[in-house]
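Mapping of the sequence shown onto the numbering used here: position 202 corresponds to residue 202, and the numbering continues sequentially without gaps.
No lab work stands behind these hints, which were simulated from the structure alone.
Note that the coordinates shown come from a computational prediction; the quantities given were computed from them, not determined experimentally.
For each residue, glycine too, the CB sits at the ideal point set by N, CA and C.
Please note that a few of the clues may not be correct.
[As the list claims (entries may be wrong)] Derived DSS-like pairs (lysine-lysine); straight-line CA-CA distance at most 30 Å:
hint : residue 1 : residue 2
1    : 235       : 262
2    : 231       : 248
3    : 22        : 336
4    : 22        : 129
5    : 198       : 235
6    : 112       : 198
7    : 199       : 248
8    : 22        : 35
9    : 257       : 344
10   : 324       : 172
11   : 103       : 257
12   : 199       : 337
13   : 211       : 189
14   : 94        : 68
15   : 211       : 199
16   : 172       : 64
17   : 86        : 165
18   : 64        : 94
19   : 336       : 225
20   : 331       : 68
21   : 170       : 86
22   : 204       : 257
23   : 129       : 165
24   : 235       : 68
25   : 324       : 225
26   : 68        : 324
27   : 94        : 173
28   : 3         : 22
29   : 204       : 172
30   : 64        : 337
31   : 86        : 65
32   : 262       : 199
33   : 22        : 344
34   : 336       : 231
[To be verified] The calculated label-pair distances, taken between Cβ atoms and stated as ranges, are:
hint : residue 1 : residue 2 : range
35   : 98        : 40        : 22 to 30 Å
36   : 102       : 361       : 45 to 53 Å
37   : 350       : 49        : 52 to 60 Å
38   : 325       : 47        : 35 to 43 Å
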Amino acid sequence: MSKPRVVFPYTEAGLGHIMPMKSIADEFERLYGDKVEVVRSEFFTETGDAQLAEYEQRLVEDVKKFNKHPRMGFYATFNMTFWGTKIASWGAVKYIGNGADVKGIEHMTELKPDLVFSTHWATNYYAMKMENRPLTAMYCPDAMINTLFSYPCDIAMVSMPTGYKTALKKHKKRFNENNLKLVPFLIRKEAFEVVTDKKALRRKLGLDENKFTVFVADGGYGVGKAQPMCKELLKRDLPINLIVVCGKNEELYNALKDLQSKGSTVFRPISLADNIFELIAASDICCGKSGASLMAEPCFFGVPQMITHYANHIERWIGNYYIKTVGSAIKQFNVKKACNLIEKFVAYPALLQPYRQAALSVHANYGANTCARYVFGLLCTRFPELKDGSEL
Numbered sequence: 001m002s003k004p005r006v007v008f009p010y011t012e013a014g015l016g017h018i019m020p021m022k023s024i025a026d027e028f029e030r031l032y033g034d035k036v037e038v039v040r041s042e043f044f045t046e047t048g049d050a051q052l053a054e055y056e057q058r059l060v061e062d063v064k065k066f067n068k069h070p071r072m073g074f075y076a077t078f079n080m081t082f083w084g085t086k087i088a089s090w091g092a093v094k095y096i097g098n099g100a101d102v103k104g105i106e107h108m109t110e111l112k113p114d115l116v117f118s119t120h121w122a123t124n125y126y127a128m129k130m131e132n133r134p135l136t137a138m139y140c141p142d143a144m145i146n147t148l149f150s151y152p153c154d155i156a157m158v159s160m161p162t163g164y165k166t167a168l169k170k171h172k173k174r175f176n177e178n179n180l181k182l183v184p185f186l187i188r189k190e191a192f193e194v195v196t197d198k199k200a201l202r203r204k205l206g207l208d209e210n211k212f213t214v215f216v217a218d219g220g221y222g223v224g225k226a227q228p229m230c231k232e233l234l235k236r237d238l239p240i241n242l243i244v245v246c247g248k249n250e251e252l253y254n255a256l257k258d259l260q261s262k263g264s265t266v267f268r269p270i271s272l273a274d275n276i277f278e279l280i281a282a283s284d285i286c287c288g289k290s291g292a293s294l295m296a297e298p299c300f301f302g303v304p305q306m307i308t309h310y311a312n313h314i315e316r317w318i319g320n321y322y323i324k325t326v327g328s329a330i331k332q333f334n335v336k337k338a339c340n341l342i343e344k345f346v347a348y349p350a351l352l353q354p355y356r357q358a359a360l361s362v363h364a365n366y367g368a369n370t371c372a373r374y375v376f377g378l379l380c381t382r383f384p385e386l387k388d389g390s391e392l
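Take these sequences, add in the hints, and give me the full structure.
Following this line, the structure appears as structure tokens:
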């Protein structure tokens, strides 16, 4: 008898959808790999279908566009909310997909899933439209469950209490305590293995172990205020380590790699970083947009965050969560004023201590174990013989 197939389809629309998927896929396989077949799917590219690849690239380009022109991002999320889940989902998946929705449903059918776990609304849509529909689970990495993440599925999960409470209160017809679960943030297991001694990490990374360390990033596409921030900080020649991660933005990396420090600043521009957790943990403050992972990962390591821009309502909700609920973040969109704050923190590091303590206060709310057990519990509703007592 074949094992049930649990499909984890990756979607690139910002790394905030990819990183949580890696977290849950690894943990689910660790716990239940002997009972199920775990299928990691590079969903939009693995078949070579041009329409699927073009649709994913459209998602990527939208992320870049909204970061470059936030007014467009805010309009897009307003429009999504205005039209509601059914119409907005049709528009976002079927209308702009130009046939990719049909190919998506076909490919999801080819994967023969018994359960599909999504961290992006598009793959959940495809699974729900299959003729013989599999079980469906969806994790929203954001602070609020937005309109597209409200599309039907068997179980939805969110990691921020504000989003959980709001969904139950404002969307009573869609969500209840049975189909919506509050789970820890899906951070990758590698985060738990990082040494947290900042001096040791800085030595390993080739930085000055005694210097205040500033981490700058604007997500996987590096579209934001990273370049003007770095230029302003280099001009001030502060006694700091300045790390900037450019992600897949080669243009940004090429623009920064030739910049020179006047002497006091240790400047490290990086393109793609395999050791992102070490870079974050070595830092005293992280600066950039309020993407889901860009906020959650520094918080995990007790590193305060400075938010330098929002691309849309979703990122504003995330930012407000860390500013108002957790208390680990500061918002400053003006580059010179943001650098003034950094200069103040360099001179008086103790000013950051309340933000560090606030970040560490939610350290327990991380990891994929609870989410994996909920997913396994859902699978057991169709395959009761799998039950082993670990399911939720």
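Ascending list of hint numbers which this structure does not respect
3, 6, 11, 16, 29, 33
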